[in-house]
Each structure stands twice: as C-alpha cells, then as structure tokens.
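Undergrad: These protein sequence lines are chains A and B, in that order.
Going by the numbering used here, the first residue of the first sequence is number 1, and it counts up by one from there.
Going by the numbering used here, the first residue of the second sequence is number 1001, and it counts up by one from there.
Each hint can be trusted.
Facing chain A, a subset of chain B residues (Cβ under 10 Å, in silico): (1) F1006; (2) E1009; (3) P1010; (4) A1064; (5) P1070; (6) L1082; (7) I1085; (8) T1089.
Read the hints as simulated data drawn from the structure, not as lab findings.
The C-beta atom is built at its ideal place from N, Cα and C for all residues, glycine as well.
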Amino acid sequence: MQPEDCGPSEDAQLVAQCQSGDCTAFDRLVTKYRNQVYATIYNLAHNQDEAWDLAQETFLKAWRHIAHFRGQSKFSTWLHRIATNVAIDWVRRKQTASGVEFDDTLGLTSIAAGSATAPHAAPPPQQRLEAGEIQGRIDAALDQLSPEHRMVILLREVEGASYEEIAEATGCTLGTVMSRLFYARKKLQTLLRDLYETF
Amino acid sequence: MKPSDFPSEPSFEAQSAAWIDGSLPERERAAFEAECQRRGISPEQAEADRQQARQLGGLLRRHAADANPPLPHPDFFNAQLLRQIQAETQRPEKAPSLWPLRRLVWGGLASLGAAALLFAGLILPSLHQPGPPPEYYAQILNAQTADSTISAVAMHSEEENVTVLWIDGLNYVPAEKAKN
Chain A
1 MQPEDCGPSE
11 DAQLVAQCQS
21 GDCTAFDRLV
31 TKYRNQVYAT
41 IYNLAHNQDE
51 AWDLAQETFL
61 KAWRHIAHFR
71 GQSKFSTWLH
81 RIATNVAIDW
91 VRRKQTASGV
101 EFDDTLGLTS
111 IAAGSATAPH
121 AAPPPQQRLE
131 AGEIQGRIDA
141 ALDQLSPEHR
151 MVILLREVEG
161 ASYEEIAEAT
171 GCTLGTVMSR
181 LFYARKKLQT
191 LLRDLYETF
Chain B
1001 MKPSDFPSEP
1011 SFEAQSAAWI
1021 DGSLPERERA
1031 AFEAECQRRG
1041 ISPEQAEADR
1051 QQARQLGGLL
1061 RRHAADANPP
1071 LPHPDFFNAQ
1081 LLRQIQAETQ
1091 RPEKAPSLWP
1101 LRRLVWGGLA
1111 SLGAAALLFA
1121 GLILPSLHQP
1131 GPPPEYYAQI
1141 LNAQTADSTI
1151 SAVAMHSEEE
1161 NVTVLWIDGL
1171 NYVPAEKAKN
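Assemble the whole structure, with the sequences as input and the hints as a guide.
TA: Quick look at the structure:
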C-alpha cells in the first residue's frame, strides 16, 4: 500500500515539516501518494473526473488535519483512511441522491460457506464480450456491494492490503474486515462466476 | 497475520476468509474443519470455494490493472491543490477582535481618572476651605399655598437692615398683605 520510493521515516520527516507550515514538503507527499489515492478512489467511483476531485478533497483534508497527526500509524495508512472515508461518503451521497439502495444482504443468508456460489453459466462468454463489456460487468457487480464491502474487497484483492491495514484504513475490527470480505467474495462469486472461470 | 493477532472467537465467516487467504492459524484450523463438517460442507467443496475465490481475486486484479487509468494531469493536480492550500492560508479564519471591548474599557478608565482628578483638584479644596459667610440670610418659617406653582424666596441684609420677600407665581398681592 506504499510507494516503493517512500519510507516511513522520510514520510515522518516530511510530515513534521508540513506541521510547521511547509507547503513544499506537502507537495512532495502529494507527488508520492497521488496515484495511490487516485486509484483507491477510482476503484470505488469508476469516474475519472469525480475521482480527480475526490483525490483533491482527500489531500486538502489531510493538509487541514495534519497538525493533529501524531504518527501513531503510518502516514500512508492515515492518508488511505481519509481517502476511503471521502470515497465512501461520496458513494453514500450519490446513493441518497439517486434513491438506489445496496442489497448486500439479498440472498447472502442463504449462501453457505463452501457451497457452490452460482449455477453453471451459459457457454463461455469470451467470444461475445468485448473487454469493455467485461469491465462493465465487473463494475456493475461491484456497484451492487455496499461501499464498505466494496472497499474491503478492493483493498484486499486489488491493492494487496493486509487485514490489519484494511482495519486501520476503514476503522473496523479485524473480525469485521474478514466478515465483510467473506460476504463480498460470495456476492461477487455469484455475479461473476462465468467471467473468472473463463478469463 | 500473526496468529496472536487473529480475532479471539472468530465467526465462521472470518475463519473462511482467513482460510481462503491461507492465513488461518493452525489452532483455528481444526475448529474450522469441524464447523464445515457440521454445516455439511465437504473438504472438496471447501477447496473448490477457495479456488473460486482466488480466481475472483485474479479477475479483479487484472480488471483493476486494465481499468485503472493513471491520474490525469498530475502536475496540474499538485498546482491546483497548492493553490487551494495557499488560498486557505492567506484567508485564515478571523478570530473575533477584542479591540472594541478594550477601547471601551480604557475609555471608561480614562473618564473615571479625569473625574477623580477634577474631584480632587476642585471639589475637595472647596469643601475643606470655609468661604465667607453668605451676604444674605433669611428663613421662611411658614408658607402655605394652594397653588404648587407659587414659590417664595427671602433675602436679608444686615448692613442694609432690609429683608426682601420674593414671591413668584402670584398674579397680584392684596394690598393689606403687602403692607404686612
């Protein structure tokens, strides 16, 4: 979850400079983490313009609150948590505006762990679906998850975050993270089985 | 994940997630397998589910790698952000000014001081230095009138041996009274 060219000690030094009002130090932190923050938000928002604006909001919030950052966690984790909250808030606002509700619980209670998650799909779709369609299917499936479930599975599967890092980023317990991961996987397995068995 | 970090009394869902990711501690494995058996999930079914979950993870990673565009206009991103930060820094929230209150306090104190000086310099000396006796002295012992607008003032001069009674508010004084 951290750019390779950036060590925690260097981050701590830059953060200390930021806390004394050094905008140049903050600019360096932005340069190091902007792609990561943007990718995290984009995974949730699926919209370049929105993700760009939300990434700006994330860094602006980080600057406003950096005086209160005590270094109890890594700067990258702290920043990731802000990005996660900004993105989830945006999805919630969008949900409220559109009146659409997520159906995380729909059908999940009847899914047993280890059970087959979906009936076998129709013939392999690779000949019918273009790459854009596959992407659209995945995005649509992710959109059926709540922001919290979506964030957990994206952090785990796409960004390779550990349970502890996800717990820090989302402010949840380890048990909650693992439980959300279980249900998110089950839901996506049901929706995307034909894709992941083919591609 | 260290075994010591694993949640105590984890739910079956948490155990399943950890098992799929290969991070289920050995001490939890027996409990997980027993729970699978109790729920009628064979080891083959559990293994198949683990493979499916891993395939799903692979699909999501490939999709993200293909679908995630790089941050557009990265230099402008920084510039725009710094512009907003500088705008906020130059426009700090104004704390309520105490100057009007201070001005009132100091103004009041200055007025009190001036009044104290005036009192000490002019009023007090006049109180302590007895002046000359009044030139005129008279006392009206009794005055009765039905009209509250009528007033009387008496003046007496020892040297002149005269007393003047000044009555104000009467239209006229009867002649017999004026003689007295």
